[in-house]
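Number of protein chains: 2
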Amino acid sequence: MADHPEESLDPASWDDFRAHAHRTVDELLDWLRGVRERPVWQPVPEEVRAGLRRPLPEAGAGLAASWDEFRRSVLPYPWGNVHPRFWGWVNGTGSPSGALAEFATAVLNTNAGGGHQAAPYVEEQVIDWCKAMLGFPPEASGVLVTGGSVANLVAIAAARDAFDPRISEEGVAVAAGTPVLYASAQTHSSVDKAARLLGLGQRALRSVPADAEFRIDLAALERAIAGDRAAGGRPFCVVGNAGTVNTGAIDDLAALADLCRREGLWFHVDGAFGALAALSGRLRPLVAGMERADSIAFDLHKWLYMPYDVGCVLIRDRAAHQRPFTVPASYLSREARGAAPNDHDPGSLGPELSREFRGLKVWMLLQEHGIAKYARLIEQNVAQAAYLAGLVHQHAELELLAPVPLNIVCFRYRGTGPDGPALDALNRELLIRIQERGVAVPSGTLLNGRFAIRVAIANHRSRREDFDLLVARAVELGREISAEG
Amino acid sequence: MADHPEESLDPASWDDFRAHAHRTVDELLDWLRGVRERPVWQPVPEEVRAGLRRPLPEAGAGLAASWDEFRRSVLPYPWGNVHPRFWGWVNGTGSPSGALAEFATAVLNTNAGGGHQAAPYVEEQVIDWCKAMLGFPPEASGVLVTGGSVANLVAIAAARDAFDPRISEEGVAVAAGTPVLYASAQTHSSVDKAARLLGLGQRALRSVPADAEFRIDLAALERAIAGDRAAGGRPFCVVGNAGTVNTGAIDDLAALADLCRREGLWFHVDGAFGALAALSGRLRPLVAGMERADSIAFDLHKWLYMPYDVGCVLIRDRAAHQRPFTVPASYLSREARGAAPNDHDPGSLGPELSREFRGLKVWMLLQEHGIAKYARLIEQNVAQAAYLAGLVHQHAELELLAPVPLNIVCFRYRGTGPDGPALDALNRELLIRIQERGVAVPSGTLLNGRFAIRVAIANHRSRREDFDLLVARAVELGREISAEG
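Note that the protein sequences, when read in sequence, are chains A and B.
The opening position of the first sequence corresponds to residue 12 in this note's numbering, with each subsequent residue numbered one higher.
The opening position of the second sequence corresponds to residue 12 in this note's numbering, with each subsequent residue numbered one higher.
Extracted from the complex, chain A is given alone in its bound form (with noise of 0.2 Å):
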């Protein structure tokens, strides 16, 4: 086969490369200096999106055409959230540390699923860290995932195994009677994806109400677990939420804590965002009871704002973490010496093998800024919300349509009208402007029925002034759509 010379994917001439990465770095340094003065989001024209069905390349069009079809086809139409007025759903921001810690990270392309070398033992590190800011023991186990998503599947799973350790080996059906765990009705929608995943079932997962802050009514949860115990289920978890999607809601986490003890169930705590309020002596009391739970999953590229994606899911019992994910491979033989062994694999933590070096980021830029730096930077989102949930509080035209415990703000557009679905469609419309107008990226979702715009603010580029255009914009809206009505 070796007809034509050996070659490889190195550049021709590594001094033409490195004058192009030049470039490139300026150009992309001087995009994000640049960002508050763009629009936060704006659509892909539906040529551009045309352009994006082109057949597979069969010769290579050189590394300079690949970087024209970059700056055509992507750089102007991104999801919009490293801008400053982009509060959608819950989205971190990165930051131009993180996006040169990448850079390295992808120069090594050491792959991070496991051996002797230096990044588990980074990455064990910045798990140990991880337990110290939620205030976890320092025995307890942790990986690092692409995010809260695939956390709260891998604590779910430990939880699942711990309560029959038949299960990884036999199978959910193994268990007499059905396994079932408990979790608001404001609880995220992977909490579902993993109870379907695992082989639980959705309908295992029983959707708990909340009360009017948006927390778990503990009261209906007992009365759930009595209910399926008295029925021949058999309850094994239970999820609490630090800092829910739609309004930032925590539940009583100590009182779960307890119940959980007593009840003898695995209790999880989704903390997506949230969890990271402990980091802020001020916040840290919401979050109370959160240090007791058996799992804890959560995002680094949220709430600490560092580069997609980095999540982290922190176990109480080694065992149980380890349980789901060992399996005996025989290629990979361990030596006593050389490149294979390590004490921390993460291959047997997660559903991942091999992958990226993702703790790398995470420990530089902790090391640069300091944890002091990222709790101040919590509490002023946090400060953020409240100003902003001041000022509708403060607008005859603007309502609040839920409490704000940390830094999400969910509103909405009054009126003149009734409440009712004309209302709805006037915020829907309202919303999908400022979006269009390139003003603010906020998401919508229902709250009690009604739509509400809602700010999640995980954004260390936001100031005081976005919000207050972001009000003074929704209410010149507001009136402009009710006009058209």
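I should point out that these hints are in silico values taken from the structure, not numbers from a laboratory.
Just to be clear, a hint being listed does not mean it is correct.
Note that identical chains are pooled: a pair holds if it fits in a single copy or bridges any two copies.
Stated by the list, open to error - Cross-link-like lysine to aspartate or glutamate pairs, in silico, EDC-like; alpha carbons within 20 Å at most:
{"id": "1", "residue 1": "K384", "residue 2": "E18"}
{"id": "2", "residue 1": "K384", "residue 2": "D139"}
{"id": "3", "residue 1": "K384", "residue 2": "D21"}
{"id": "4", "residue 1": "K384", "residue 2": "E17"}
{"id": "5", "residue 1": "K384", "residue 2": "E69"}
Let chain A serve as the given structure and place chain B on it in line with the hints.
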């Protein structure tokens, strides 16, 4: 709380940051350019490991100090898979263009989990290109994941729920009889992991013996299926290998496709690296039948040498792909316009939601190099494996332990003593010395109970002289160890 001025993670001086970024680019490109001159791998010294057990930093040390730590504790101790003589496990090499694309990915820092933005459209194109590469129909579904392990998990989840669509709602226990799946004993451990995680249980995976060429024994497979049916088990899936991890063996995929159609079973192909043999007209006959599979899992960070991490799963039936992962989520409100809507919704196609824009590098590099170049590089690695096999075959002191159908060579130092534990011990020590002397990183495996040094070539930097060097040094070190004995 706003008793300190608003701050951000952006640099105090963009000019200083830019200068730092340029120095870093120069340093890292020099590092990469010089990789051939360094040892492939070296152990992490105990004092460096000790330095990676520091408490969470309270105050920031600044950008320069953070990079100094990187230079001290990380850069000298990578896994080694960017080096021309790294052939351990199955690891890709990455590339300079790939690293630069990752920098762009992290500057954009777009959350590629969905939405009306460039990222999902780019990834949809990448998936269409993946279908074209493997001969899959354009109407098939697919999603980019972190790697082969998650790709296998997604495919087997789809197979499970296609077998009994009630499972995602009601759990595995709803299926009357135990759902069972089949794969050869040479199959990757991620398939075991998937069986455990999906609630089927490890025992649901029947390990079918392999033949002398390490391919699944078709007669044994048919007997196993018939036996399970007779015993009330419920066969639902066969996993075929397009390139086993141990030896690169390729199951008779056309025969498996026939068998699965006859038996009404889902046919999944684990083609982590081997699926990409389809890129080469000369190698494509080896994987004939793969294009008839219900699903294919494969990696792009292995034999397409993309930076970690990116894998892909293709699933013929769109509805089957979505079934395990589609859950309602009120906070993800869908409007007809604005930032939210998108036809390609990766969150309903796998366990992740928020995540990195991992398709960007693939899209850019396929345009830069063209697929024909990747096909040549794959052929080059296969030719190198044949070349190494020839060297081993010709050398009296070495012997091959398995056929070399693709890019993996399993051999050992034969020595002068008899077969048995002593010879295994000699070869284990030989493997470690090859690694510790910085010569090369092969890995080890067991084949029919005998220890083999295993060279898996998914490396665009390897040259023929690298294999000459490996053989010369293996013989020299083999003699050295024998003499000590």
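Review point. Should K384 paired with D21 be assigned to within, between, both, or neither, using CA atoms and 20 Å as the limit?
Key: Between copies only: 12 Å across, 40 Å inside.
Practice item. Give the relationship of K384 and E18 under a CA distance limit of 20 Å: within one copy only, between copies only, both, or neither. Key: between (48 Å within a copy, 9 Å between copies)
**Study point:** Intra/inter-copy verdict for K384 and E69 if alpha-carbon distance must be at most 20 Å
**Key:** The answer is between: 8 Å across copies meets 20 Å, while 49 Å in one copy does not.
Exercise for review: Evaluate K384 and E17 at a C-alpha cut-off of 20 Å and name the case that applies: within, between, both or neither.
Suggested key: So K384 and E17 pass the 20 Å test across copies only (11 Å; inside, 51 Å).
Check your understanding: When no copy is specified for K384 and D139, does a C-alpha distance of 20 Å or less occur within a copy, between copies, both, or neither?
Key -> Within one copy only: 19 Å inside, 44 Å across.
Checked against the numbered hints given earlier, the structure satisfies every one of them.
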